[in-house]
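Residue-level listing of the chains:
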Amino acid sequence: MSVAVAVTDSPEGRTALESAVAEARALDTGLLLINLTLHDFTDDEIPRDLEVTLINRSGRGDRDPVTAVLDELRDHVAEVDRLVLGVRSRSRVGKVLLGSVAQRLILRSPVPVLTVQVPEAAKKR
Amino acid sequence: MSVSPYRSEKQFDLPHAGVGRPVHRLGVIATVATFGGLLFGYDTGVVNGALEPLSQDFGLTPLSEGLVVASLMIGAAFGAVFGGRVADAYGRRHTILLLAGVFIIGTLGCVLAPGAEFLIGARFVLGIAVGGASATVPVYLGEIAPSEKRGSFVTRNELMIVAGQLAAFIINAVIFNVWGHVDSIWRWMLLVALAPAIALLVGMIFQPESPRWLISKGRTEEALEVLKQVRSPERAEAEVAEVTHLASEDAKQATGGLSDLGTRWVLRLVIIGAGLGFFQQLTGINSVMYYGTQLLTNAGLDSGVAIIGNIANGVFSLLGISLGMFLLNKLPRRVMFLTGYALIAFFHVLIALTAVVIPPGPAQAWTVLVFLVLFVFSMQGTVGPLTWLMLSEIFPMKIRSFAMGICVFVLWIMNAIVAQFFPPLIEAMGMTATFSMFAGCAVIAFIFLFLLLPETKDKDLAQFERDFKAKYGRK
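One line per chain: the protein sequences are A and B, in this order. According to my numbering, the first sequence is numbered sequentially starting from 486. According to my numbering, the second sequence is numbered sequentially starting from 1419.
If you're looking for bench data, these hints aren't it; they were derived computationally from the structure. Even for Gly, the Cβ is constructed at its ideal location relative to N, Cα and C. Don't take every hint at face value.
[Unchecked claim] Sample of chain B residues with no beta-carbon within 10 Å of chain A, all distances over it, derived:
no., residue
1, 1612
2, 1674
3, 1680
4, 1684
5, 1891
6, 1893
[Stated by the list, open to error] Here's a subset of chain B near chain A, in silico, CB distances under 8 Å, partners left out:
no., residue
7, 1446
8, 1663
9, 1665
10, 1670
11, 1672
12, 1673
13, 1677
14, 1678
15, 1814
16, 1816
17, 1888
18, 1892
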């Protein structure tokens, strides 16, 4: 079994990754790391003590991050037992302007979703 | 008008590209493909000179004159966005062949137009070909050229665009002064574009497909066949690995899309890029390239003289862009941009003042022409080519295709808006107010770029991306 995590280019993404690593360690499973950012992860961003499967977005087919994650989850549905996702509250204007990746994933994920928020302490850093 | 977006960070050690036959073949390919750039220039520049007789024929108002000119740019905005998609799906060669066909149909449509509405429609179709060529030809050239010559091949296309405009100015001046009395002489001016369009169509039939596109479609055997025609045999074999690597990089560039604009620092870069396209057109460079002859007539020259004087605009455009290409490698980007916009504002103010200080007549017209060519020269020597280079390097690699698409679309639409509203503005407000407005836009551009534009010269693009993200990303 393994824990999947969708990592966006944001504080929520980093929090989600930290939480997912903790989950995987606690459950003693592997980690399916889905990179939604626009850069490739370097080695020091990936925990060494876990069995990590890294998936990068690449090509026009992965243009929509939600589709990219759902495709991966469907491919690994037998082994993934949860998806870890970072969320944050958004202003009304923000909700009108941009759709929420997190909301669409929560509603469409084939596996249970664990949502985490950025801790207050980290925000002030 | 675009600088090659390809930069390979991975270096391949390759044997020499070859001598003799393969080099000769490459020269033929470059000559044929850059007819696309020449057509781009000719079709955008030809209204400058053709507009006056055309306007008399169809009884155009300043507003409908604007629409005749601008319809081509609106077509080009769509052609630029969708041309790249078509070229990815059906291949560079087939796309250029298709575009050559559209050039021919669009040109014939314009030449045979029975009325203004038909002409506007035909110019829109022609615009699709112009925009498509602007997106496809540099890619084809960049992909078929050996890596060490990639830059010079793409530069050659940009020079051909400006040369095409100059050619249009010269041909118009000759036709108008020799056969000016003939009815509907503008039809003959537009018809000249048929020759390079046919040359492009016939020439491209004999040119090979881009090896990089073939490899991206898994057609490695065919790619090797093409490489053997344009490289020495050793180099052809060795290059397959490099081309395969580059093709996979290309696929990555199409990754990012709309939802990535939710990332704050990426959005910031896209706003800067869109601003570059927006302000480049608001310099008014194309109002000179499309309406130069009219400006000189308004200022007090006879039509026959104005159309000759206008050639100076084309000459200084070509000189400016040659200087600009040289300066790109010498000066920091910010310095070059800010100097450029400062000079542009300065010459616009001088043009505006000339129209007030010197009474209308030949003296005013010649003074305006001097400042116009100085404006054109400083613009093409700085902001013109630099905008395209900057757009090709500020975006993170994985969103480059989408982000550049937005910026190029903004640029063409602004081009259309300036083309559409320049004649009515001149009519309603006069030259002083119109050029003061351009000067104001250049000042706003200066402030915008001073505050927002990052420096990219001599920086590793991956490092630039990390630094920019660290500075402007959400913490």
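Comparing the hints with the structure gives:
The claim that residue 1612/B lies off the interface holds: its Cβ sits roughly 36 Å from the closest Cβ of chain A, which is beyond the 10 Å cut-off. Residue 1674/B, annotated as away from the interface, has a beta carbon of chain A within 10 Å; the closest lies near 6 Å. With a least CB separation of 5 Å from chain A, residue 1680/B falls inside the 10 Å interface cut-off, contrary to its annotation. Against the 10 Å criterion, residue 1684/B falls within the reach of chain A, whose nearest CB is about 7 Å from its own CB.
Distance to chain A contradicts residue 1891/B as a non-interface residue, since its nearest Cβ pair spans about 7 Å, not more than 10 Å. Distance check for residue 1893/B against chain A: the nearest CB is about 7 Å away, which does not clear 10 Å, and the non-interface claim fails. For residue 1446/B, the suggested interface contact is broken, since its CB lies about 33 Å from the closest CB of chain A, more than 8 Å. A distance limit of 8 Å between C-beta atoms decides the matter here; for residue 1663/B the minimum to chain A is near 14 Å, and the interface restraint is violated.
The beta carbon of residue 1665/B comes no nearer than 11 Å to any beta carbon in chain A, farther than 8 Å, and the hint placing it at the interface is violated. At about 5 Å, the closest approach between the beta carbon of residue 1670/B and any beta carbon in chain A falls short of 8 Å, and the interface hint on this residue holds. Satisfaction of the interface hint for residue 1672/B is found here, the shortest Cβ-Cβ separation to chain A being roughly 4 Å, below the 8 Å cut-off. The restraint placing residue 1673/B at the interface with chain A holds, with a minimum CB-CB distance near 5 Å, inside the 8 Å limit.
The interface hint given for residue 1677/B is met, as the beta carbon of that residue sits about 6 Å from the closest beta carbon of chain A, less than 8 Å. Against a cut-off of 8 Å between C-beta atoms, the interface hint on residue 1678/B holds, since the closest Cβ of chain A lies about 6 Å away. Contact between residue 1814/B and chain A, as hinted, is supported at the beta carbon level, the nearest pair being about 5 Å apart and thus within 8 Å. With 8 Å as the threshold, the beta carbon of residue 1816/B comes within range of chain A, its nearest partner Cβ sitting at about 4 Å, so the hint holds.
Interface hint at residue 1888/B: violated, since its Cβ lies 12 Å from the closest Cβ of chain A, which is beyond the 8 Å cut-off. For residue 1892/B, the interface hint holds, since its Cβ comes within 8 Å of a Cβ in chain A; the closest pair sits about 6 Å apart.
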